[in-house]
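Peer 1: In case you want the letters, here they are:
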Amino acid sequence: MPSNWSDRTELKGKAMQALTALACLIIIAIVAIIIGNIVTYGAGKLSWEFLSEPPRDHFTKGGIFPAIFGTAALVILMTIAVIPLGVATAIYMHEYAPKRSRLVHFVRLAIQNLAGVPAIVFGLFGVGFFIEFVGRGIDRGLYGGSLVYGQPAIIWSALTMALLTLPTVVVATEEALRAIPANYREVAYSLGATRWQMIWRVVLPQSAGGILTGGILAVSRGSGEVAPVMFTGAAYSLPELPVRLHNQFMELGYHVYVMSTQAFDVEATKPALYSTVLVLLMLTFLLNFTGIMIRARIRKRLRDGR
Amino acid sequence: MDAKLEAAPSREAGKYSAGICTEELRVSYAGNEILKGVTLEARRGEILSIIGPAGAGKTSFLRCLNRLLDLDPDWQVSGTVLLNGQSIYSRELQVAVLRRKVGMVFSVPVTLPMTIYQNLTFGLSLNREGRSQRDEKVEKALREAYLWEEVKDRLDEPARNLSGGQQQRLCLARTLTLEPSVLLLDEPCSGLDPISTRRIEEALQQLKKNFMVILVTNNVKQAARASDRTAFFLFGEMIEVQKTELLFTTPREKKTADYISGRFG
Numbered sequence: 001m002p003s004n005w006s007d008r009t010e011l012k013g014k015a016m017q018a019l020t021a022l023a024c025l026i027i028i029a030i031v032a033i034i035i036g037n038i039v040t041y042g043a044g045k046l047s048w049e050f051l052s053e054p055p056r057d058h059f060t061k062g063g064i065f066p067a068i069f070g071t072a073a074l075v076i077l078m079t080i081a082v083i084p085l086g087v088a089t090a091i092y093m094h095e096y097a098p099k100r101s102r103l104v105h106f107v108r109l110a111i112q113n114l115a116g117v118p119a120i121v122f123g124l125f126g127v128g129f130f131i132e133f134v135g136r137g138i139d140r141g142l143y144g145g146s147l148v149y150g151q152p153a154i155i156w157s158a159l160t161m162a163l164l165t166l167p168t169v170v171v172a173t174e175e176a177l178r179a180i181p182a183n184y185r186e187v188a189y190s191l192g193a194t195r196w197q198m199i200w201r202v203v204l205p206q207s208a209g210g211i212l213t214g215g216i217l218a219v220s221r222g223s224g225e226v227a228p229v230m231f232t233g234a235a236y237s238l239p240e241l242p243v244r245l246h247n248q249f250m251e252l253g254y255h256v257y258v259m260s261t262q263a264f265d266v267e268a269t270k271p272a273l274y275s276t277v278l279v280l281l282m283l284t285f286l287l288n289f290t291g292i293m294i295r296a297r298i299r300k301r302l303r304d305g306r
Numbered sequence: 001m002d003a004k005l006e007a008a009p010s011r012e013a014g015k016y017s018a019g020i021c022t023e024e025l026r027v028s029y030a031g032n033e034i035l036k037g038v039t040l041e042a043r044r045g046e047i048l049s050i051i052g053p054a055g056a057g058k059t060s061f062l063r064c065l066n067r068l069l070d071l072d073p074d075w076q077v078s079g080t081v082l083l084n085g086q087s088i089y090s091r092e093l094q095v096a097v098l099r100r101k102v103g104m105v106f107s108v109p110v111t112l113p114m115t116i117y118q119n120l121t122f123g124l125s126l127n128r129e130g131r132s133q134r135d136e137k138v139e140k141a142l143r144e145a146y147l148w149e150e151v152k153d154r155l156d157e158p159a160r161n162l163s164g165g166q167q168q169r170l171c172l173a174r175t176l177t178l179e180p181s182v183l184l185l186d187e188p189c190s191g192l193d194p195i196s197t198r199r200i201e202e203a204l205q206q207l208k209k210n211f212m213v214i215l216v217t218n219n220v221k222q223a224a225r226a227s228d229r230t231a232f233f234l235f236g237e238m239i240e241v242q243k244t245e246l247l248f249t250t251p252r253e254k255k256t257a258d259y260i261s262g263r264f265g
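Quick note, the sequences are listed as chains A and B, same order.
Position 181 of the first sequence, counted from 1, bears residue number 181 in our numbering, the numbering being contiguous throughout.
Position 2 of the second sequence, counted from 1, bears residue number 2 in our numbering, the numbering being contiguous throughout.
These aren't lab readings, by the way, just hints derived from the structure by calculation.
Quick caveat: nothing in here was measured; it's all calculated off a predicted structure.
Careful, some of the hints might be misleading.
[What the hints assert, rightly or not] Stretches of chain B that chain A covers, calculated by requiring three or more beta carbons in the stretch to come under 8 Å of a beta carbon on chain A:
1. 65 to 76
2. 93 to 103
3. 107 to 117
4. 172 to 184
Don't be surprised by glycine CBs; every beta carbon is placed ideally from N, CA and C.
So here's chain A without its partners, still in its complex pose:
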């Protein structure tokens, strides 16, 4: 009977709607539990002292300021390295490379593979390439063989992290370039723009929002990863701040790892541990929020043409 199967499909539709809604609810619940848990246990120890002082007494006293500073410095250096490289790669692939280019095919393959490489492998690569090869090379060439750059340092951590986040930036930028109407390019060309003028005056301003999205995602990822920095520059405990590119540094994610596994008394550091995680989360949100605000302003300016 037609009426019969019609009823059953209706029911099936309702069931699917409920299931998909349930999936959303589960995600919200998980996030709420995670954040609730961290805030409950972490808020207690949060104080100006905790944010502004170095750790004391095997992490149970004092604060985490060097780790906050180190993480921020790491993320900024990483962004400075990854955005130009990622954007330039995407621009070459999308704007300059000939159609069906073999090179682009290989670059795309390489980027996909890069995105699938585990973070720890990047860490080892950082040691092997940046520290042992590049760093030692600089020392031999410029410092007469004395150990300056040939050891773990914030610059090598930042560059390793930049490699890790490179696929994100390349993919986001390419996506943004693809979204620019072909009309705009034709108009620019028909008014006598060279390819670079077209890119500089039409394509880049139009894709700034998408590029920033890539940057925001890269910052989120970079501020949370531990594996790439643990061999390449992060220090177990270091009260001094990194002021030179070849200094070691403390990093929030690595600090959490250290406190939870290698502290003198793991139980006693628990409150500080939760507070550190809370600070890491807040720092990530803050960096994201800043990026999103900048992006919103750029988008508004683009719409109005001012």
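Position chain B relative to chain A; hints supplied.
Peer 2: Just chain B, lined up with the frame of chain A:
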């Protein structure tokens, strides 16, 4: 750029020294022949319109003349295109320079996401020579496009605030700021109301004194109204070209007669 074009023979150079002309222009896209050897010329001081059904190659023809087809290597162009006696595919001619001389207005008004003023100065700001007397050039172009009165007090507004007809006249003015010698119009009125259409046609009548105007149109009546000569394209071939009133009253070819009387295409 894969176009196989050689410089024009020197004896031809004097023949079309003031105008744009094509000889045996062939265009194919990914192996399909779009234009099958078109020979046509446009002279200074006239409006040449090109009519024909969809797929006739009108737009491809237009896009050859400012080398926009070069942007996609799947397009293959061969034959000769002479602008004031010089081959536009010759090696000495930079394509960006050519495009400043051969302005184009597209069928859909495309304003760049900037202010009206920024749209108008976009072309001028691209090279050093264009930078002097910008305001004068902008005003002159806007007056020529019959838009000055409507936008003179709102030049700093986003261009997207304008109506469709105003946007298309803005696109025309934007092209005119560069003082091109040829103006290519690809169905410039296809999305416009009759009043906007009339404004653009009026502007063209004034402009043709100083430019060569080539107008591709799907609107046969517009060709009859606005142009001095009309060419009829069909399936990649130029069937005939005549003075407009002759083409519409006594066409030489039966195909033309069929098309303009609506029996075809």
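Peer 1: Could you run down the list of hints and mark each one as holding or not?
Peer 2: Evaluated hints:
| no. | hint | in the structure |
| --- | --- | --- |
| 1 | 65 to 76 | holds (count 6) |
| 2 | 93 to 103 | holds (count 5) |
| 3 | 107 to 117 | holds (count 6) |
| 4 | 172 to 184 | holds (count 3) |
Violation of the numbered hints given earlier is absent; every hint is satisfied by the structure.
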